[in-house]
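Assemble chains B, C and D onto chain A, guided by the hints.
4 protein chains.
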Amino acid sequence: MMTDPFTGGDDKLHEECGVFGVWGHKDASALTALGLHALQHRGQEAAGIVSFDGAHFYAHRALGLVDQAFGSGEVIAMLKGHCAIGHNRYATTGGTLVRNIQPLYADLSFGGFALAHNGNLTNAHTIRQELVKNGSLFQSTSDTEVIVHLMALSKAKGVTERLIEALRRVKGAYSLVAAHDNSLIGVRDPFGIRPLVLGKLGDAHILASETCALDIIGADFVRDIKAGEMVVIGTNGIESSFPFGQDGKANPSRFCVFEYIYFARPDSFMENRSVYEMRKKIGAELAREAPVTADLVVPVPDSGVPSAIGFAEASGIPFELGIIRNHYVGRTFIEPTDQIRHLGVKMKHNANKAFIAGKRVVLVDDSLVRGTTSRKIVDMVRQAGAKEVHMRISSPPTAHSCFYGIDTPSTEELLAHKMSVGEIGKYIGVDSMAYVSIDGLYRAMGEIKRDPALPQFCDACFTGQYAVELTDHDNLKTGTRVSNLHERKAKG
Amino acid sequence: MMTDPFTGGDDKLHEECGVFGVWGHKDASALTALGLHALQHRGQEAAGIVSFDGAHFYAHRALGLVDQAFGSGEVIAMLKGHCAIGHNRYATTGGTLVRNIQPLYADLSFGGFALAHNGNLTNAHTIRQELVKNGSLFQSTSDTEVIVHLMALSKAKGVTERLIEALRRVKGAYSLVAAHDNSLIGVRDPFGIRPLVLGKLGDAHILASETCALDIIGADFVRDIKAGEMVVIGTNGIESSFPFGQDGKANPSRFCVFEYIYFARPDSFMENRSVYEMRKKIGAELAREAPVTADLVVPVPDSGVPSAIGFAEASGIPFELGIIRNHYVGRTFIEPTDQIRHLGVKMKHNANKAFIAGKRVVLVDDSLVRGTTSRKIVDMVRQAGAKEVHMRISSPPTAHSCFYGIDTPSTEELLAHKMSVGEIGKYIGVDSMAYVSIDGLYRAMGEIKRDPALPQFCDACFTGQYAVELTDHDNLKTGTRVSNLHERKAKG
Amino acid sequence: MMTDPFTGGDDKLHEECGVFGVWGHKDASALTALGLHALQHRGQEAAGIVSFDGAHFYAHRALGLVDQAFGSGEVIAMLKGHCAIGHNRYATTGGTLVRNIQPLYADLSFGGFALAHNGNLTNAHTIRQELVKNGSLFQSTSDTEVIVHLMALSKAKGVTERLIEALRRVKGAYSLVAAHDNSLIGVRDPFGIRPLVLGKLGDAHILASETCALDIIGADFVRDIKAGEMVVIGTNGIESSFPFGQDGKANPSRFCVFEYIYFARPDSFMENRSVYEMRKKIGAELAREAPVTADLVVPVPDSGVPSAIGFAEASGIPFELGIIRNHYVGRTFIEPTDQIRHLGVKMKHNANKAFIAGKRVVLVDDSLVRGTTSRKIVDMVRQAGAKEVHMRISSPPTAHSCFYGIDTPSTEELLAHKMSVGEIGKYIGVDSMAYVSIDGLYRAMGEIKRDPALPQFCDACFTGQYAVELTDHDNLKTGTRVSNLHERKAKG
Amino acid sequence: MMTDPFTGGDDKLHEECGVFGVWGHKDASALTALGLHALQHRGQEAAGIVSFDGAHFYAHRALGLVDQAFGSGEVIAMLKGHCAIGHNRYATTGGTLVRNIQPLYADLSFGGFALAHNGNLTNAHTIRQELVKNGSLFQSTSDTEVIVHLMALSKAKGVTERLIEALRRVKGAYSLVAAHDNSLIGVRDPFGIRPLVLGKLGDAHILASETCALDIIGADFVRDIKAGEMVVIGTNGIESSFPFGQDGKANPSRFCVFEYIYFARPDSFMENRSVYEMRKKIGAELAREAPVTADLVVPVPDSGVPSAIGFAEASGIPFELGIIRNHYVGRTFIEPTDQIRHLGVKMKHNANKAFIAGKRVVLVDDSLVRGTTSRKIVDMVRQAGAKEVHMRISSPPTAHSCFYGIDTPSTEELLAHKMSVGEIGKYIGVDSMAYVSIDGLYRAMGEIKRDPALPQFCDACFTGQYAVELTDHDNLKTGTRVSNLHERKAKG
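Residue numbers (this note's numbering), protein chains in the order written: chain A, 1 to 492; chain B, 493 to 984; chain C, 985 to 1476; chain D, 1477 to 1968.
Here chain A stands alone, though its shape is the one from the complex (with noise of 0.2 Å):
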């Protein structure tokens, strides 16, 4: 997930973060880091937990990935109590600020509140603005914070009442893990966008944004929280409600499909369906809509390598790892002089050329966002000696931006915005391209198609069809700040 300063970053869409909770466990803090570890994957700008002992919160967040701010023995230690929260961040536009870092607290009326949010709120800065002019001082830019300030006014008598009523305020994408007093709390908003699953170790809860976050500490996958969802989990178990639909019961749940096909991991399972299955499934889909004759299936490292064994098993094509990909590329290196720049330079990958010389190659990738990064690719498996080169993408264009927590560029950058499949196949240099259909998507994930009147995924970035309504994006002009005040980017 690093930035390559000689291709101009990953090309990847990428999910702002990832939550995890304990519930009545001692170790609550140690389980939340490695909860946090196994969710890397979804931030890795910054990280931090808030446990809870009984009588006093303990807070420690940092820039960052996990390992760096959670490693030490001391640290953990610190951090007492039988229930912890964590939050893996990562950075969007506009700098990581240490105040910006989850999970955010508060000293509220009742007792202290710690919150950690994974998605986006669509009315934030909407609501932000009335709160300010009331006379609420806000301490982030995050649009979190405006779920703790409506919390802080609410006259409502519970915790969780008045987290029901802040959160009948706010439209968007949220999957919450919170935790005060007497219980963790989580929530999963009414359409069920960002996912959320409940787990078990011994007698403990756990809540986490995917499964691997279980695996790693060896808990038992429960269940998924619903759509529309909210457990409170305290010393008398679970009570689960669904406080945000009109009958108290779970809504048809509209799901990111996209953390199948690229933001999650692919040992997770996600309402049920295995990644590595759905992405191995697009691929042999791809492999049915739209074949080629070649001799080698060769995955762009690492994200397409599911979805090319899925199309190499499909078309009966061999699988050969064509590209190689150096793990060690780090944040930055040399600032490139001209001339080093113009000899190609490949600090990430490398093309496996006794493999590739005079072959038919098809190359398998899960989504194209800009295709800088596609164009060197192809560039370099070329200049291997591939006398064909195929493109192959396991996801429809990527033409429509995320309001719902993804790190999305704007629709002018998105190549599928401006150009036809053709057009980019031109653009990146490839003999043939394809993308998979949407309905084929659809089939991957074992529907037998779209419905366009309630589709069983939130699928806006492909189809435009949005899930929630974008009330900030509407209403505001772009480039309204949400604080005036620029602070000196922290260094991570």
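Just to be clear, a hint being listed does not mean it is correct.
Which residues of chain D face chain C? A few of them, derived with a C-beta cut under 8 Å, are [to be verified]:
1. Ala1535
2. Tyr1581
3. Leu1629
4. Glu1963
Quick partial rundown of chain D residues pointing at chain C, CB under 10 Å, derived from the structure [as the list claims (entries may be wrong)]:
5. His1532
6. His1536
7. Lys1556
8. His1558
9. Gly1587
10. Ala1590
11. Val1608
12. Lys1609
13. Leu1613
14. Met1856
In silico EDC-like cross-links for lysine to aspartate or glutamate, where the CA-CA straight-line distance does not exceed 20 Å [unchecked claim]:
15. B:Lys625 <-> A:Glu165
16. B:Lys572 <-> B:Asp673
17. C:Lys1117 <-> D:Glu1641
18. A:Lys133 <-> B:Glu769
19. B:Lys649 <-> A:Glu130
Note that these hints are calculated values from the structure, not bench results. Even for Gly, the Cβ is constructed at its ideal location relative to N, Cα and C.
Structure of chains B, C and D alone, referenced to chain A:
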């Protein structure tokens, strides 16, 4: 001001803050960094600057000395604008948290607002509890944030009016510098307990805790801000008002006399008095009040030097640097083994044996808090061969805690609270012991005597007569926490 | 290549070094940094570059990855000149000392001389003792320094002659790159145990441990340096000679076969063989030698992938990523409490349950040293529901230590030294266990069979038949120290 | 001793090193760290300690202050043994290289040997060239390494004999502390130019550059090591010899008189004279030689204080701290813009206006090298309103470079080399200017006058009469490099 692990601290009271502000200079943040550097003795744990360029605010706050945090051109370049305010902070009990570093900044409904505070509010806790109850979220544990919340909730129209409304609610000692859209504001509390001066550098206006911060940038001293005065500096020049008094006039001042004794830099002028000269005069007064037949007057370095010179001149006894200080003593050093501790290691001071041996020595120090360092110094001077050792202290006995912005030990730890002067002399091991009298101190300041009805200075630490009521202290049980959160202490 | 605190290391042998050199390019040091980056897998503890601009030498050596040490333009700018040599180092027992980081540099009577070495000398200790007796002062504990001292004491006229004289005294494995006034020198030991290749980038000449370091800068591969060959590259082009053989010709090579099995990068070519292809062929050979009826072939990531693909293709059993690796595993993490350790935390690997459950699984790994990691992986796969687990290793049993530049545990720690194949299978808990045979390995390499009289490869770690005599090992008692000094280990 | 970026350095000559050694104490390395701390003024760039426990040597060397490098108990615990030697280093031109930090350590044929050196050899370069020619490899660019190479090549039997043989070859100033198997050795060069004292702490023996390093650990001063004396301290106590003189006796000493003027700490005794007392006596001598009618005597802080006190006492003019120094001035600060530089920013010093205005001021400083700082100080005092400013310098004009271990600018940069005293006075802008005379200086030292035939002190920097011949300086062209290598400067 460093802590000596072998003696257990420098046994002094400590000023908690220095403030600085500039309006109307293109190098505002560089000047502020220099000003904070000159005020470094008022706070060494953290420093911050917020600047304003007419459109945006820019902030940097960091642990450590001003040089470390603001020494790079890159940091200063980021702090754009013609207006800047800065703050030095001395860490008090409870740890140094980045979120407590000032200036505070808030996005209020009318725009950005930045505030730096020297002093301490005596009813902040009481107000805070009420604000939290009504839905305010506090980000720091600092008392200063109360002012900003009161402003956010004010229904007054202008910024100045909101600030006045807020300040009318709070009690205590405060010298404030604030910046917002169209002005730089300076305020001194109704008793003028902490210092604040006005300066001029070409067309630019300067506010600073001490005149030495004007000198470093070559600015001219204009005048002290008066007790209870607010100055609003903008494009129309300076507007002065007295919004807290009954009649819009300045109150009689109760300026902190300890600024003259120890806190301020000797080259500063405060309320038209030279600090260095006041120290010499106290020394002279002490020589008259408590004369002694001796061979040498030796200052306890470095703060005892001016009063020792004054004592020597008045008594005719020669002044000598009989104790040499090692200026390289850092914050940490080898944790001594028992055997090494037993050696009585002299990390910081060494007796100048050539001059001490066989002599009758008068040691002059400015104050004595716990007495631990004094004991060691007296012992060191005796080991160097002194025939007699007499201690003279250029302040009255420190017997009461300060609640107006000075870091004081609890009353129980103050030596003068539990011992008579004679007992103190025995405890530290001298042949004679004397403090200047309270009237002697006032005489040195140019007064005939202390006016018990309306003392000319705040001298509560000596007399227990507090200028402003101690609401929090009186209302609250000890140990009531402002926040329920224990955050990991930042590394300094 | 990171150490997993929960499994006790990655249970692999490790290459100790990578070398790189450039002659005749104005960006010599930038190219060297890039080359070292591509060779990062050959040594992650430290890196160094020495450059030469015709008048002076310039050096920078630092602990850590190449990116960290050489990522800034400022460092590269300081390393001036048209010639540069570089070195990656893997820390061996005894700690990482800055003075041991290569390239070595010495001011000899004829001028400066810089040297980088991949390999290990087997009589360095014996020669060193003799040199110290005669007055030589050693600055490092590295065996390489012996070569420079022998050169310093040589009475031969030219640098090349002195180097030849020195190398005739030493025994062992060495691929050297050296720089002095008027040439870049490359040497491979008489048996050609460690790799060294020659490349060309425009008019510039390149020397590198592997071809992947040519690829990264877009240089063309020219040829392997031959066993016993010395190339001297200067303004007159390349001069080749064979100064160590009896007849000035190349020796029959005994190239390290483990480079193909694990050390080298899969995209490199060595002695005209594709490393990736060799790995696939060993996998295929293994499938023929040790067939098994199963549902899935699963590589132990990442190094087992190519041989698993070969095994899958030859056996017709589907290839699946049944074990997912977390690429964020850092060097340190929470020191686990007993309770957490008991959980069997999976920091680095997770089973892909969707594909494992109920299946007969063939695990393919490249080698097995102590067996600790393998046990945990087998256990993890079983817990994920595998019906059967079969282990196939794409190398013969590793039963002997290497003395030619590979970091091997002592013989006692090698599992294959103390157990039969069947016992190993029981120990790690599999249903069946097989290694490729030594002749199978040779067949994969394209040989008919191993020639026991004059083996075509160095395979001492499998056979115990050492190519070069082990003078130090035979002469010296274990534990004889090279230096009497314990230096504080530098922080990496 | 920090550099002020606004004034261009502190305009002083600098001692290059301090040395310390302990024999026979279980806390040898902790005592050494404390001793080095007391000697910090003799070198702030780097520090090192080598200890010996009877079997092994242990070393740690690092850039920065002693507190930073040796402040942790962990470092001290690693430096085991009853014997330790230490070294403080002041960086000279050419950068601070880690490999140059002392003590040097070498594995010689008879065992380990560690050496720390205060001083400078005047024929090191000449010997080094000869050694390199014969095959010696140098690891540092320090002159001290020559001694160790000469020992390595010596055919003498014992360590002491080898050291004597080596020292008979070298010329220059050296106070050495060395450690090997069965002894701690101290040596002072035949002229005793640099200081070295012997102390006792219980049964342990101490060697140190100054007595203040004995005081810090409570050790007793025994005596100065004599000119040309070698002491060998071992289990049999102390053996003293004079191996360099013709007759085995001490030479007449030529101790560096500048140690009294500026280098040494005022609380140290050197050759039975109190440094503080000598400074006062020079001040008194100066008052007699160059009297002036004035209102105040003001020291240039901090080094001018003792001579100013002496001047004040002798002249009867009151002593005042008319210039206040900011002790927080760090190594770096804002690179000033032209406009800010123009302000004449006073980072380090400020005039005490209350006492200066309208007064005739005598400034007393210990020495004047380039005059840059003096100009600024005179200007600052005039701006503070002084009616007259008179400069008195408590040393004769510094007109010649030192080659005996002091960091001196080139002769061309010395103000006194190119200007008369009157011209210097005009240049720095004073009303009158005077230096103490060379005979006045000798009188202050207790001599009747300087003996031109055999001066009682080394005063070459004033007189140009060098005690030891300057072989390298006479033989070699300027700019001959010791090494052909430019190593990247370590970060300090």
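Hint check results:
1. Annotation: Ala1535 of chain D was flagged as interfacial toward chain C, and the flag holds, the nearest CB pair being 5 Å apart, inside 8 Å.
2. Here the hint on Tyr1581 of chain D is kept, as its CB sits about 5 Å from the closest CB of chain C, short of 8 Å.
3. Contact between Leu1629 of chain D and chain C, as hinted, is supported at the beta carbon level, the nearest pair being about 4 Å apart and thus within 8 Å.
4. Below 8 Å, beta-carbon pairs count as interface contacts, and Glu1963 of chain D has one with chain C at about 5 Å; its hint therefore holds.
5. For His1532 of chain D, the shortest C-beta to C-beta distance to chain C is roughly 6 Å, which falls under 10 Å, so the interface hint holds.
6. Below 10 Å, beta-carbon pairs count as interface contacts, and His1536 of chain D has one with chain C at about 4 Å; its hint therefore holds.
7. At its closest, the beta carbon of Lys1556 of chain D sits 8 Å from a beta carbon of chain C; the interface hint therefore holds under the 10 Å criterion.
8. Hint status for His1558 of chain D: violated, given a least beta-carbon distance of 16 Å to chain C, over 10 Å.
9. Because the beta carbon of Gly1587 of chain D sits about 6 Å from the nearest beta carbon in chain C, less than 10 Å, this interface hint is met.
10. This hint holds: Ala1590 of chain D has a C-beta 9 Å from the nearest C-beta of chain C, less than the 10 Å allowed.
11. Residue-level restraint check for Val1608 of chain D holds (minimum Cβ-Cβ distance to chain C is 5 Å; threshold 10 Å).
12. Proximity of Lys1609 of chain D to chain C holds as hinted, the smallest CB-CB distance being about 5 Å (cut-off 10 Å).
13. Taking 10 Å as the C-beta contact cut-off toward chain C, the hint placing Leu1613 of chain D at the interface holds, the least distance being around 5 Å.
14. A distance limit of 10 Å between C-beta atoms decides the matter here; for Met1856 of chain D the minimum to chain C is near 37 Å, and the interface restraint is violated.
15. A distance of roughly 17 Å separates the Cα atoms of Lys625 of chain B and Glu165 of chain A; the hinted pair therefore holds under the 20 Å criterion.
16. Taking the CA atoms of Lys572 of chain B and Asp673 of chain B, the gap is near 14 Å; set against the 20 Å cutoff, the hint holds.
17. A C-alpha spacing of about 17 Å is found between Lys1117 of chain C and Glu1641 of chain D, which places the hinted pair at or below 20 Å, so the restraint holds.
18. Taking the CA atoms of Lys133 of chain A and Glu769 of chain B, the gap is about 52 Å. The hint is violated against a cut of 20 Å.
19. At most 20 Å may separate the alpha-carbon atoms for a hinted pair to count; Lys649 of chain B and Glu130 of chain A meet this at roughly 17 Å.
Hints 8, 14 and 18 from the list above are not met by this structure, while the remaining hints are.
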